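Peer 1: Starting from the structure of chain A, add chain B where the hints point.
These protein sequences, in sequence, are chains A and B.
Quick note: the first sequence uses our numbering, first residue 1, plus one each step.
Quick note: the second sequence uses our numbering, first residue 1, plus one each step.
Derived by calculation from the structure, the hints in this document are not laboratory data.
Warning: the hint list may mix true and false statements.
Said to hold, decoys possible - No farther apart than 25 Å at their CA atoms in a straight line, the calculated lysine to aspartate or glutamate pairs in the DMTMM-like style are these:
1. B:272 - A:201
2. B:167 - B:218
3. B:10 - A:102
4. A:185 - A:163
5. A:185 - A:96
6. B:167 - A:223
7. A:140 - A:90
8. A:211 - B:76
9. A:129 - B:14
10. A:185 - A:102
11. B:272 - A:22
12. B:167 - A:96
13. B:2 - A:201
14. A:111 - B:11
15. A:140 - B:83
16. B:10 - A:123
17. A:111 - B:168
18. B:167 - A:22
19. B:10 - B:274
20. A:185 - A:67
21. A:111 - B:14
22. B:10 - A:223
23. A:120 - A:163
24. A:31 - B:274
25. B:10 - A:119
26. A:273 - A:235
27. B:272 - A:67
28. B:272 - A:181
29. B:2 - A:102
30. A:111 - A:123
31. A:270 - A:201
32. B:10 - A:27
33. A:273 - A:223
34. B:2 - A:90
35. A:31 - A:90
36. A:120 - A:67
37. B:2 - A:96
38. A:211 - A:27
39. A:111 - B:274
40. A:140 - B:14
Here the structure is a predicted model, which means the values were calculated and not measured.
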Amino acid sequence: MDKRPSGNVISLQSVNKCYGNETVVHDINFKVQPGECIVLVGHNGAGKTTLMKLMLGLTRPNSGVVEVLGGNPASSAAVQQRTALGYLPESVAFYEAMSGREVLAFYAQLKGVSNHECEKLLELVGLAKASTRRVRTYSKGMRQRLGLAQAMLGGPQLLFLDEPTTGLDPLLRQQFYELIDTLHKEGATSIISSHALNEVEARASRFVIMKSGNMVASGTLDELYQLAALPVRFELSVTEGEASYVAERLGSEVNISHVNNQIINLSCFKEEKMSLIRHITSLGEVVQDLQIMPPRLDEVYSHFMSGDLS
Amino acid sequence: MKMMWILAFKELRDGLRNRWIAAAIILLGAMALALSLLGSAPTGSVRVSELDITVISLASLSVYLIPLIALMLSFDALVGEFERGTMMLLLTYPVTRWQVIMGKYLGHVLILFIAIFFGYGGALIILTVIGGGNTDGWQAYAMMMISSLMLGAIFIALGYLVSVLVKERATAAGTAIGLWLVFVVLYDLVLFGALLLDESQMIGQQLFSILMLISPTDSYRILNLSLFEGVSQAAGIAGLASEAGLSGILLISVMTLWMIIPLTATLMIFQKREL
Numbered sequence: 001m002d003k004r005p006s007g008n009v010i011s012l013q014s015v016n017k018c019y020g021n022e023t024v025v026h027d028i029n030f031k032v033q034p035g036e037c038i039v040l041v042g043h044n045g046a047g048k049t050t051l052m053k054l055m056l057g058l059t060r061p062n063s064g065v066v067e068v069l070g071g072n073p074a075s076s077a078a079v080q081q082r083t084a085l086g087y088l089p090e091s092v093a094f095y096e097a098m099s100g101r102e103v104l105a106f107y108a109q110l111k112g113v114s115n116h117e118c119e120k121l122l123e124l125v126g127l128a129k130a131s132t133r134r135v136r137t138y139s140k141g142m143r144q145r146l147g148l149a150q151a152m153l154g155g156p157q158l159l160f161l162d163e164p165t166t167g168l169d170p171l172l173r174q175q176f177y178e179l180i181d182t183l184h185k186e187g188a189t190s191i192i193s194s195h196a197l198n199e200v201e202a203r204a205s206r207f208v209i210m211k212s213g214n215m216v217a218s219g220t221l222d223e224l225y226q227l228a229a230l231p232v233r234f235e236l237s238v239t240e241g242e243a244s245y246v247a248e249r250l251g252s253e254v255n256i257s258h259v260n261n262q263i264i265n266l267s268c269f270k271e272e273k274m275s276l277i278r279h280i281t282s283l284g285e286v287v288q289d290l291q292i293m294p295p296r297l298d299e300v301y302s303h304f305m306s307g308d309l310s
Numbered sequence: 001m002k003m004m005w006i007l008a009f010k011e012l013r014d015g016l017r018n019r020w021i022a023a024a025i026i027l028l029g030a031m032a033l034a035l036s037l038l039g040s041a042p043t044g045s046v047r048v049s050e051l052d053i054t055v056i057s058l059a060s061l062s063v064y065l066i067p068l069i070a071l072m073l074s075f076d077a078l079v080g081e082f083e084r085g086t087m088m089l090l091l092t093y094p095v096t097r098w099q100v101i102m103g104k105y106l107g108h109v110l111i112l113f114i115a116i117f118f119g120y121g122g123a124l125i126i127l128t129v130i131g132g133g134n135t136d137g138w139q140a141y142a143m144m145m146i147s148s149l150m151l152g153a154i155f156i157a158l159g160y161l162v163s164v165l166v167k168e169r170a171t172a173a174g175t176a177i178g179l180w181l182v183f184v185v186l187y188d189l190v191l192f193g194a195l196l197l198d199e200s201q202m203i204g205q206q207l208f209s210i211l212m213l214i215s216p217t218d219s220y221r222i223l224n225l226s227l228f229e230g231v232s233q234a235a236g237i238a239g240l241a242s243e244a245g246l247s248g249i250l251l252i253s254v255m256t257l258w259m260i261i262p263l264t265a266t267l268m269i270f271q272k273r274e275l
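So that you can see chain A by itself, here it is in the shape it has in the complex (with noise of 0.2 Å):
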């Protein structure tokens, strides 16, 4: 079933958060569509966390507009629609004498959701087995996939995760992601707060780099490229001895970063891109292959990061 709202799940209008006389969230505006998956970089204190529970209607702005399922979250007609909400904190904390079956019971009882589903979802984040301890008992890894699993509840709507893969092992990383894909094709949106940039580079229909409470850069990863200006590498691996040769040839036109006797790196900006290639491939036999490397998520990230805002 398609559980796509019509409209924006998601509208900030030049919203505001001061905490004191400390601005953490700067005139933030944008909008999610349904089923878009929004990644959500910046440093720590950037205000990624204030930004989700301005969204989650913990806290209320300052000054502009927060709109999420059509209606202000932190109102108390909001209630209701938490039922479609799935939230993952940073470092999450439960009731400790609990044990980890008697925790998820607890919060499927206020999303009324039932017992079979909690086990279901303990199956799936591998707790099934350690279901009966206490969370005192548990490890950091261990806390984090019951609170993946409390996000899960009712197959939500909505997910706010915030830094959601810390502690995890690989596999139950990927696992985890497999688990967002089929919220995904089943309509869901979600929301990701992370640092572990290669892991989210793939899944992102959408970036919003923060730093220090203002929006620095929206967008796909294409268009982030684009903002950046960040130069195109290449890795040319030419006939041996004839690496200089080539150089030579190419030098005009591009910046060369590196030689050795067989390898050639190159750079040079995407509007040059095609005539670089068709230059490379006119020189014929001597150029064994060829390796177009397009600027990685990290580098955007820290040229977004080093820049100075005006």
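Peer 2: Chain B in isolation, oriented as in the chain A frame:
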């Protein structure tokens, strides 16, 4: 309502699990038995029932103990969840903030109810069996149980108010102890001190009644010591309350207000609170 019960049962289960309820039952039961068995000597020839005597001594001790138990139960209820971060997650679930407060309150009052019901109630049964089935004065004893629960509910509400106001658990614990001292010990001390020093009788009967009435612990005391004739005669204060114009209904109303006001304040502060 369903949400409130879910939250209440969670508190109740916590209370059972950490032996809170068991400890409170044993404490209250043992106290009731000890006081009535040791304190039955003075009944002698005065022909008052043993239960009446027990009510007097038990009410005098409950006034110290019940608020202490209630505050210990409640000071951590909100600040603890803020500090650990569990409140944040809880509030992303489909529960309103007042449901959270009322659910927890219901749970904590239930814990106290169980402790008083089994502690004092159990002692009553043992006393009746020992006394050869003599149940004279059970009404006063039952009243004492009900008003003890009310007294506890008042101090749970006060504990919540402390819990929602302070930033740290340690501060909450300290403030709760301070609150206990003020309500249970200092208020009466100051009041009677003022009476002793008041040679020109500035504090008249009227004002004194009001000052007694506005303290929840004094209301509880007067309610238990003066409402039933047998008890008030044994306590030597027969007719005192009615002279002062303190009827049972008035006393119960005051105690109800002491429950509602701190709880409403807690709700209002919690509604505004940002996490």
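Peer 1: Going through the numbered hints above, which ones does this structure break? Give me the numbers in ascending order.
Peer 2: The structure conflicts with hints 1, 2, 5, 6, 8, 10, 13, 17, 22, 28, 32, 34 and 36, although it agrees with all the remaining ones.
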